[in-house]
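Participant: Below are the chains, spelled out letter by letter.
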Amino acid sequence: MSVSTAVFYLIALITVVSAGMVAFSRNIIYSAFSLLGTFMGVAGIYIFLGADFVAAVQVLIYVGGILVLILFAVMLTHRITDVEVTNRAAGRIPALIIVGALVYLLIETIRVTPWVKAKELVYAATTAKIGDLFLYTYLLPFELASLVLLAAMIGAVVLSRKEIKE
Amino acid sequence: MENVLTYMTFIPVAGAAIVLALPNNAKLIRWVSAAATVPPLFMAVWLFKNFDRARAGFQFIENYTWIPSYNIGYTMGVDGLSISMVLLTALLSFLCIFASFGIEKAVKGYFALFLLLDAGMMGVFCALDFFLFYVFWEVMLLPMYFLIGIWGGPRREYAAIKFFLYTLFGSVLMLLAILALYFNTNPHTFDMRIMMAQANKFGTDVLPMWPFHQLRWGFQHVIWMTLFIGFAIKIPAFPFHTWLPDAHVEAPTAVSVILAGVLLKMGTYGILRTNFPMLPTATADMAFILLGALGAWNIIYGALCAMAQKDLKKLVAYSSVSHMGYVMLGMASFTTQGLNGAVLQMFNHGTITGMLFLLVGVIYDRAHHREIEGFGGIAAIMPVYTGVTALAFFASMGLPGLSGFISEVLVLLGTWEKYPVLTILGASGVILTAGYLLWTIQRVFLGPPNEKYLKMPEINGREMFTLVPLGVIVIIVGVYPSVVLDLLRASLDQINQVVIPHL
Amino acid sequence: MSPNELSSYLIIGAIVFSLGLFTVLTRRNAISVLMGVELILNSANINYVAFSHFSSGNADGQIYAIFVIMLAAAEAAVGLAIVLAIFQLFHTIDVEAAETLKE
Amino acid sequence: MDLKNVASLSFFYPEFILSATILLLIVVDLIVRSRRGIAMIALVGCFGALIATLDLYSAQPGWLFHRMMILDNFSLFFKVVALTATILCIWMSLSSNEIEQVHEGEYYTLLLTCTLGMFFMASSSNLLMAYLSLELVSLTSYVLTGFLPHNRRSSEAALKYLIYGGVASGTMIYGMSWIFGMAGSLDYAAIQAALGQSEFNKAALFMAFVFILAGFGYKIVFVPFHMWSPDVYQGAPTPFTAFLSVASNAAGIAIMIRFFFPGVSRSLPSGDWAFLSGVEWPQVLLFLSMITMTVGNLCALNQRNLKRMLAYSGIAHAGYMMMGLAVLNNDGLSAILFYLVVYLIMNVGAFLVVAMIANVTGNEDIETYRGLAWRGAIVPAVCLAVFLFSLTGLPPFAGFVGKFFLFSAVLKQGGAFGALALVAAINSVISLYYYAKIVKTMFLDMPNPEDKTVSVAVNNFTLLIPLTVLTIVFGLYFSPLVRYTSQSLRFFVK
Amino acid sequence: METPIQTDFIRWIVFLPLLGAIVNGLLGAKIQKRLGKGAISLLACAPVVIAFGLALYSFLILKGLESEKRFLIDNLYPWIQLGSLKVDMAFLIDPLSAVMILVVTGIGGLIHIYATGYMHEDNAFWRFFAYLNLFTAAMLTLVLGDSLLVLFVGWEGVGLCSYALIGFWYTDHANARAGNKAFIVNRVGDFGFVLGMFLLFWTLDAQGHGSLTFREMVKWAPTIKDSMIWGVPVITLATLFLFVGATGKSAQIPLFVWLPDAMAGPTPVSALIHAATMVTAGVYMTARMNVFFSMAPATLHVIAVIGVATALVAASIALTQYDIKKVLAYSTVSQLGYMFIGIGVGGYAAAVFHLMTHAFFKACLFLGSGSVIHAMHHEQDMRKMGGLKAWMPVTFITFFISVLAIAGFPPFAGFFSKDEILWLAASNEHWGIWFFAVCGAGLTAFYMFRQLFMTFYGSCRADHHTQEHLHESPQVMTLPLVVLAIGAVFAGLIGLPGVLGGSQFAQWLEPVIHAHEEAHASHALEWGLMAVSVSVASFGVFVAYLMYRRESLSPDMFANLAGGLFYRLFDRKWYFDEIYQVIFVNGTLLLARLGALFDQYIIDGLVDGSAALVRFVSWLNGLFDQYIIDGIVNAIANITFGIGNKFRRVQTGNINSYLYGILLAVVLLIIAKLRYGS
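Protein chains in written order, with our numbering: chain X, 1 to 166; chain G, 167 to 669; chain H, 670 to 772; chain D, 773 to 1266; chain P, 1267 to 1944.
Isolated chain X, as found in the complex:
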């Protein structure tokens, strides 16, 4: 078994395990941090899939942006002292059953489904191509995304503004 395969396994393991921690951890801080593991793992997977740019974005935005945001929120809303109530969960058993059933179904279907096969697998650097796409084919979505971000910004501001209008 080649090194790359071993690395792949490792990354896969990290991803899944830390995702599991997010799901099961008793402490919200832990789950927040293990979320970091998942994000990193996913980034690694992107590398394996030859999507370097996406991997970069993943690291920048998820790890650098969203995760920090989440941690910030956690800190703000929690007295870290009391640990065991911070992240209670309920009805895990039924959830496990349902989700178990689901994951079984998913994997089974994935196995049997004849997914489309590309002609050849390319491992070129994608950044330039993606840049072109953004500015040519995907220009409209790109603009739209900016609008979304604008709206989100305004929304976030409005919502977290404390005082009532005079």
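Mixed in with the good hints, there may be bad ones.
[To be verified] Calculated cross-link-like contacts (lysine-lysine; reagent style DSS-like; alpha-carbon spacing at most 30 Å):
id : chain 1 : residue 1 : chain 2 : residue 2
1  : X       : 119       : D       : 776
2  : D       : 1212      : X       : 129
3  : D       : 1224      : D       : 1212
4  : P       : 1329      : P       : 1491
5  : P       : 1491      : G       : 584
6  : P       : 1485      : P       : 1352
7  : G       : 584       : P       : 1485
8  : P       : 1299      : G       : 621
9  : P       : 1839      : P       : 1650
10 : X       : 117       : D       : 1212
11 : D       : 1212      : G       : 193
12 : D       : 1212      : G       : 274
13 : G       : 271       : D       : 1224
14 : P       : 1352      : G       : 618
15 : D       : 776       : G       : 271
16 : G       : 271       : G       : 618
17 : G       : 274       : D       : 1224
18 : P       : 1352      : G       : 584
19 : G       : 367       : D       : 1184
20 : X       : 117       : D       : 776
21 : D       : 1224      : X       : 119
These are computed hints drawn from the structure, not numbers from a lab.
Once you've looked at the hints, dock chains G, H, D and P against the given chain X.
Facilitator: Leaving out everything else, chains G, H, D and P in the frame of chain X:
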């Protein structure tokens, strides 16, 4: 007179609009709304004069396209079946306006709604387009709901919503049936005349699915049943009748009159207008159980229930259940006598029960209760009132010389040929009817005068004005029934001829 | 299961997806629930990138993934803003009093 | 036609006008302080966009921006609906006490952004645009729901909405990823082509559809994706609730039709649609629509808060509209379009009255409507009665015609759909019970002595009366509307 | 059959009394106030008298024609014309109806006159005469009707009037109840009548001759001789149905119970309606339909048996009565029984003959009793009378004559008519019937004389005050008595028995009553039977004489026979009323109550129940919902930064549980698809 039917239908609407525009002067409003019902009455008389009694088909037809894309037309017209009902409607709504002069609460709203109701009823009887028919049918519900609900008695809210839900239940089923018919006509249309013409196109072979397979029902039977339930609720046929006593007891007098006098007829009218000519096979198959047997059961059951009532108005209400049973029985017979008798019975019941409810209203306005046991010896106190009541009661009992007799005899005579046993049951209803009516007369009017009411004023002029025309009609039809029968005969025979081959 | 098989990536995606759903289901805590949502989004992204690598052969999938990441950020921002707003509300009012607001 | 970016701009001006208005609002909000002024700008922008949209009806259908969006009458119809809803919403906001206490600048900005999102939803022609536009609408909706400051219910609703939205859209894109995997493309046309011929796993496709349905379903609000709506409707500011109840529902339906009809199924000359063989989609929709209408009506039956009741009734109406989807034919679709217009009129009307009364009495509980007709508010009472009976589906009101077309579409299909029609019919009887309960409270119940008289400002009628009149007019003469909807039912399919 | 002669005066025979009724009914109150009771009397009597004149006139016309042509018809207008059912509003005079209208208008007229005197004190004078005129009109319609349906109009009409007149003094509940009883019992009869009518119509119609006109029906009667229904000959069933109607009107077992109570009405009413005319309608109808009846021997047998049974039962009850009118009432019932015996043995003519004679003497008896009651200040108990002949001679004599007539002593009218019936019974070997009939005759003689003795002979048992005011009735009352008494003497002579030259009466009715039974026995036998019946009658008189004149023979002796069993049986009227009350009246009321309860609780219960069910289901939904809303605040608090175990109760089932729901649904959908899909 061009478009006379349209005028008859929509003049009351205009009247309603005017009434709403009027200042809040009760007297004025009353008279204006009374005026709004006069033209339809005259037009009805005009129709009566100019109606060609020899011709079977529809007359005074008005036909305009309404929604071309769905082939919905504004089609109006009357034949012998509907013209009798139109006359009845015009007359009763005219009289009931006067019967409502006593209304004090929210007068404007009352009369506006009443006029709308009038329009709705008129429309139902004139419409020849199934869509139009349905629209009028439903339009009638809303005013009725408010009239019972706002101006009714103590339990008015319960009664109103019960009536509303019950009837809506029936009419949504009807809507489905109408659509099913629409998609099975070719070209798709709501024009009743075309549907009638294509009566034999509607499939009759047994549907494969449960439960129709077990019942040996075809498309026609399913549609027939769906329509029938809608109409049976209005008739009201057992077991769909329970809204009636509540609605009647709670409704103000005039509304009860309209309810019993006109609305109930819509059930049987609908069956004759749609089920018979459009679904002849199913009609032939279903008639015995669902019209004949059920009708006979209605007669006896209604009479028995009436006998046990303590409330005078409830008693009259149940008597309507019983009398509408004759209509169903007659329709089931498929004999000229039976069918004509049935429709004549519809007309007569309209006038007679109208009188009865008006009379109950008269006594209620004076005594402020309707407990049968609470009266006694009224005859000595209000002789004239007693006389009129006696007339109405005996008419309802089917005494010869009064209209009830003709229709009941015709119905029973007609039915005998097909179902002697049902006839015997129905005829035994006559005995029960006599029983409870006489018993009521005795308890209310005879015996020593009740001290409480010695000072009770005799029936007044306005009330007499509402009663006398009906009384006169009751006698005229009893003595010379051809007045009405001539109108019916041709059309009904035609309807009958459609079904008979499928028997 | 190997790095150059489509299904292995999809399976990882499926597992992460399910874990995300599990989190959403079981967590009582809004922030945790949002974390669950993030997991779901990531699982979808894995699929997209994998498919764009193995199936479509063009970068559509990657583009999609990038947009998803953007929107995830936006959503997180709004979501946490709402959480904070509520937090402020509940700071001022004690929860017992809330009982009076029943329908 | 398949236009490049620049060429597309000439068919893009409705969206363009809207975006311009949005930016203008942001700027103006910093300078102008009069709330009316801002609202007026928003109104003008909407009207401009409306005119532009109607103008495009004559344009030749085609792809814009490298097949990112589709220009056809179908999309234009939904844009018109969205804009109308927005205009009505703004109008309502003008005279609403709730809106007085918020920052109009942001409020109107976000409202218009939401509308813009709906534009894209209606005309999205690939999975990416579908997702983006959906998210745009969702995000703005979350914010607007939680817009009332220091209002617990509002914020709670926002959070709830957000969590459902997040999960639903996450699930949706997961499903979409599978479609992408099976078709190898994001573009609807390509997807249809791919699924049309290539051999694919029906189970996988079905699962993907179910996941996607989660995303669409929670916008259209049908069971089991409906739970957010009562709380959100109740929590959000009433004008926005009115907007949400109609527009977001409409947009959801638009995107769903867009995906499931021209997207994956094939249209036959007969006006029917052939869905991918072997995927029991119609049955699922049939089942869901039955459940949806029943649950909606049953829950509505004993609600004491009008906004909540209307939320549940909205669920029921979504169920009715789904009947049109389930039958997989153009009659069904045009019936849906017709119903949407009618529903827009009567539902907004109902909310309008609710808002009016709430402005005076301060809440929407049914008790406050006791004997309304006898408390000086006869006109609103009558109008509300009209809207409610129209929602029930009684002639001569528009709602009846809408139901009529839906039923007729279903019955035309015949067979098992007969049962669906029956269920729907029974449901409309049930619905009468709670609609009539309000009418009863307003008219049949007499006001208590302590109930104060409700005096409504006349300027409120400027919107109320026209809506009422329309409800009746469309109930009696609806052929223009029929013509409009049937001509709106033109898809651009390659 | 000849086409009848069209006339247009017959209608007036009906219309005149009708007009009287209308005028009196609508304006009577005013007229009486303005012009006094005289005017009312005039208004009331004149029409009847004129009608009598017309009747006489038409009788003479008939007389002028030879027997086959004796049909006058007056056709007003087509009444009901539907399909094969064609009924004209038409009046027919033929020998039979001629006799009837003579009786009705003649005796009716007399009674009207009598009543002007009898009712003079009553304030509702006008109302009384309105009813009385209406009755006359209805009765005339009945007998003149040209078809079964028109006959039925009169049939019901007289019922209505009798109801109104029985309950004339309505302030007393007893009278009202008697009225109801009469009406409802009659309704039962009518029920049978209409069914018979329908049956005949449709059977004829099946032969293509559907009609209700008598002459048509009679003409085509043979065609339906052997049509069957339910395995019975139609004729038999139809005639039985009709006979049920007859038993109702003519007070035969089992429907005779109303007649005695009907005596609650004023005495002239009893005389006119419940003795002379209305109660004989049944007999008239059967005679009218004689063709059909003679085609149904089974029915005839039933009729004969019912007739004789009624005759005996009624007579037995009459033995024990003390109310002067009740005795007469039961005697009427029993005499009607005789008429039906006549019909039963095929002697329609004899029956009608007896009807006519009976009309004379029974009317006379009633009016006599009326004048007695009048004199005694409305005292009706015979035990309080006695020796009245001293005070009221005219009344006594006329009464006595009528008693002789009813007891069947030659040469009085009753003898001939009754004897004719007995003779026919015997001559056709219905010996059993003959025997009982003769016994009945004996009883009749006994109780009639008992009444005579108790009322007019012996010492007066009335209280002092009454005795002082005892007086003969005024002229207007005694005059009719005299006239009727004369009738009672001579009316019989037109129907002499065969041995004395045969009956012109039978010949007169020949054209109508085709099925005329010929007596096939020897004269000797006829003489013998006459002798027997007369002797039996006189024995009865003798016993009565011993008991109530000489008082050498105590009634109690008989009363205590068999432990007074019979006495009690007779006295309680064979317990008919009690039995009917229990079975029919209470039965129906019970059924009605049950019906109403069923309606209120079961049927309506189902309706409300279904509504309740829907509400309940929604309530469950609501609970779920409610419960979450209640939960929200805490839950949100909690979901935001998870405080407080104390809210765990309300937290369960929150956003998460919603999501559970969604996911579960999704998974189930998928599984369903995988299992049942494709």
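Participant: Hint by hint, where does the structure go against what was stated? Just the numbers, ascending.
Facilitator: 2, 4, 10, 14, 15 and 21
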